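*Asks:* Numbering-wise, the sequence shown is residues 0 to 503 according to numbering that gives the first Met the number 0.
For the record, the hints were derived by calculation from the structure and aren't laboratory data. Since the structure is predicted, the reported quantities are computational estimates derived from the model, not experimental observations. Don't take every hint at face value.
Unchecked claim - Derived DEER-like restraints, expressed as beta-carbon distance ranges: (1) Ala229 <-> Leu6: 40 to 50 Å; (2) Glu449 <-> Pro491: 24 to 34 Å; (3) Gly339 <-> Asp227: 50 to 60 Å; (4) Leu6 <-> Thr246: 44 to 54 Å; (5) Asp227 <-> Thr447: 36 to 46 Å; (6) Ala140 <-> Asp489: 15 to 25 Å; (7) Leu6 <-> Glu205: 40 to 50 Å; (8) Pro343 <-> Leu99: 55 to 65 Å; (9) Gln423 <-> Asp399: 13 to 23 Å; (10) Leu78 <-> Leu99: 49 to 59 Å; (11) Thr464 <-> Gln254: 38 to 48 Å; (12) Ile281 <-> Leu143: 55 to 65 Å.
Where a beta carbon is used, it is the ideal one built from N, C-alpha and C, also for glycine.
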Amino acid sequence: MVVGKELGVGRVEVVGWDFANSQYLPRLTTLWVEDAIPVVSLFSSGETLAAVAPNHNTLLEVPTSLMPKLWPWLIVFPLYVLLMGPGTWLIVKRRRRPLLVWVLIPLWIALATVGLSLWLGGAFAHTFPMVNEIALVSVPAPGLPARVVQSTALFAPRAGNLRWEMEGAPRPLLGCFDFDIGYYGEGKSFPADVTWTETGARVDTEHPLGPLTWGAEGLTTAPEITADLAWASGWNGSSGHSLIRGTLQSSVPLQHLNLLLEGGDYRVALTGTVPANMQLEITQPVTVEQTNSFTYNELCGVRSSDYYYPYYATPPSIPSHPGEQDTRARRCYLTAITAGVPFPHERLRGTWMGETCWLVAVPCPTFYSGSVHISSESLAVSAENGWADEDGYVYVSMPDTTVDYTLPFFLVPREISRLTLEFQTRDWPSDGTLKFSDVITVEFWNWTMEHWVAISTPEVGTSLTVGGVQAQQFLDAMGKLRLRLTPSTDVPPIKVLITIDGTR
0 MVVGKELGVG
10 RVEVVGWDFA
20 NSQYLPRLTT
30 LWVEDAIPVV
40 SLFSSGETLA
50 AVAPNHNTLL
60 EVPTSLMPKL
70 WPWLIVFPLY
80 VLLMGPGTWL
90 IVKRRRRPLL
100 VWVLIPLWIA
110 LATVGLSLWL
120 GGAFAHTFPM
130 VNEIALVSVP
140 APGLPARVVQ
150 STALFAPRAG
160 NLRWEMEGAP
170 RPLLGCFDFD
180 IGYYGEGKSF
190 PADVTWTETG
200 ARVDTEHPLG
210 PLTWGAEGLT
220 TAPEITADLA
230 WASGWNGSSG
240 HSLIRGTLQS
250 SVPLQHLNLL
260 LEGGDYRVAL
270 TGTVPANMQL
280 EITQPVTVEQ
290 TNSFTYNELC
300 GVRSSDYYYP
310 YYATPPSIPS
320 HPGEQDTRAR
330 RCYLTAITAG
340 VPFPHERLRG
350 TWMGETCWLV
360 AVPCPTFYSG
370 SVHISSESLA
380 VSAENGWADE
390 DGYVYVSMPD
400 TTVDYTLPFF
410 LVPREISRLT
420 LEFQTRDWPS
430 DGTLKFSDVI
440 TVEFWNWTME
450 HWVAISTPEV
460 GTSLTVGGVQ
470 AQQFLDAMGK
480 LRLRLTPSTD
490 VPPIKVLITI
500 DGTR
């Protein structure tokens, strides 16, 4: 039974569940999937947190890291060859007993095999079982209980009988890791016996062949994490790039801090570390990454690595009337990583790794009044009848390729004084000898007059400035700039560098 009701600025749900009845367990997978907080809306497809890939990747990297580098083998191998060849020959020659060859060569092989087995056995004896635990914790407001969604992956190929006591309310145990296909198969049966208890569950299995993965959830007390941030413009008050200024403070050490804006649709990197019980002042240029430009993206992880926590971002909603404030724009979160997990296990011998990804609701940065200078790093790019890559280059191969450049809602200026564009390509020289107008037609959409306006494109590497009323009409109330590109010949990838000057 699930009963829910709106209360204040949130929602309260009372859940009564019989964990012993397995037919009801899949319902838990999607119970909170529509929550506004991204940390509990991990997979819109209904997969459980147990399907998170970094558990397996991290576990399987540990045995590989124990293998010695190449150079120790290059030292040991010649010694082994000397024993097998010249060493055996010298012993046989001194003893004048050729039959010793049949004894010594097997002896060297046996010694090498035993030595290697003892070394690897000793190393792996302290390695297995390997446990990796990842917790995603959402803090809705200071002083409120924090919600934990924690996953555990365990790899114990040397174990005959394995028992694991699980804290927290167990999530559905669906599927297992399949080495044949290389990923977590949700449709497979869970290869262990599970006993449900009042405080959690117990997992029992014999001779586990591969990593076991499961999840649990519950409540915990959050550390004191505060953020007092504000938008600023330029360095030392001068006109320049938009900045975020303010202070961060935490009762525990934090790593990889990011600010999520508009309900998690945009991310701004803040700082790498925050020491415990120390107020840290930051001044950070705003280079925004739009997380909903892909199917899923990392939440707390480090970019360009396998170290991530995937989630599905929700596309930003559009206000029904121009100038109407979107409620999503008022939702901001601070993400960070700490060592350890809220539901620790009884330590097993072996290798244990654990970390927590915190998602803390914080006040959104306050806006400033004055000049604003916005560069292309803050724009999201999308294309129709063509495509745009991660670097912002647009591939134009057919007429009427429409390209939208969208500002984050929190950076849209109230008035625009100047719009500057510069066209670049990867392949053409920027020596001023080639004009884009010779090979491509560029048009801007006028949102006020509702028609296309052709412009005279500049030479490669030079800029084009549009000012006054026309610049204001090229950018709509939601911060969208629309271009239409029509090639007259083969055109290499084009990148449009856009700079917007105005006031808020």
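*Asks:* Decide, hint by hint, whether the structure agrees.
*Replies:* Verification of the supplied hints:
no. : hint                          : verdict
1   : Ala229 <-> Leu6: 40 to 50 Å   : violated (31 Å)
2   : Glu449 <-> Pro491: 24 to 34 Å : holds (32 Å)
3   : Gly339 <-> Asp227: 50 to 60 Å : violated (27 Å)
4   : Leu6 <-> Thr246: 44 to 54 Å   : violated (32 Å)
5   : Asp227 <-> Thr447: 36 to 46 Å : holds (39 Å)
6   : Ala140 <-> Asp489: 15 to 25 Å : violated (56 Å)
7   : Leu6 <-> Glu205: 40 to 50 Å   : holds (47 Å)
8   : Pro343 <-> Leu99: 55 to 65 Å  : holds (58 Å)
9   : Gln423 <-> Asp399: 13 to 23 Å : holds (22 Å)
10  : Leu78 <-> Leu99: 49 to 59 Å   : violated (20 Å)
11  : Thr464 <-> Gln254: 38 to 48 Å : holds (43 Å)
12  : Ile281 <-> Leu143: 55 to 65 Å : violated (25 Å)
Violation of the numbered hints given earlier is confined to hints 1, 3, 4, 6, 10, 12; the remaining hints are satisfied by the structure.
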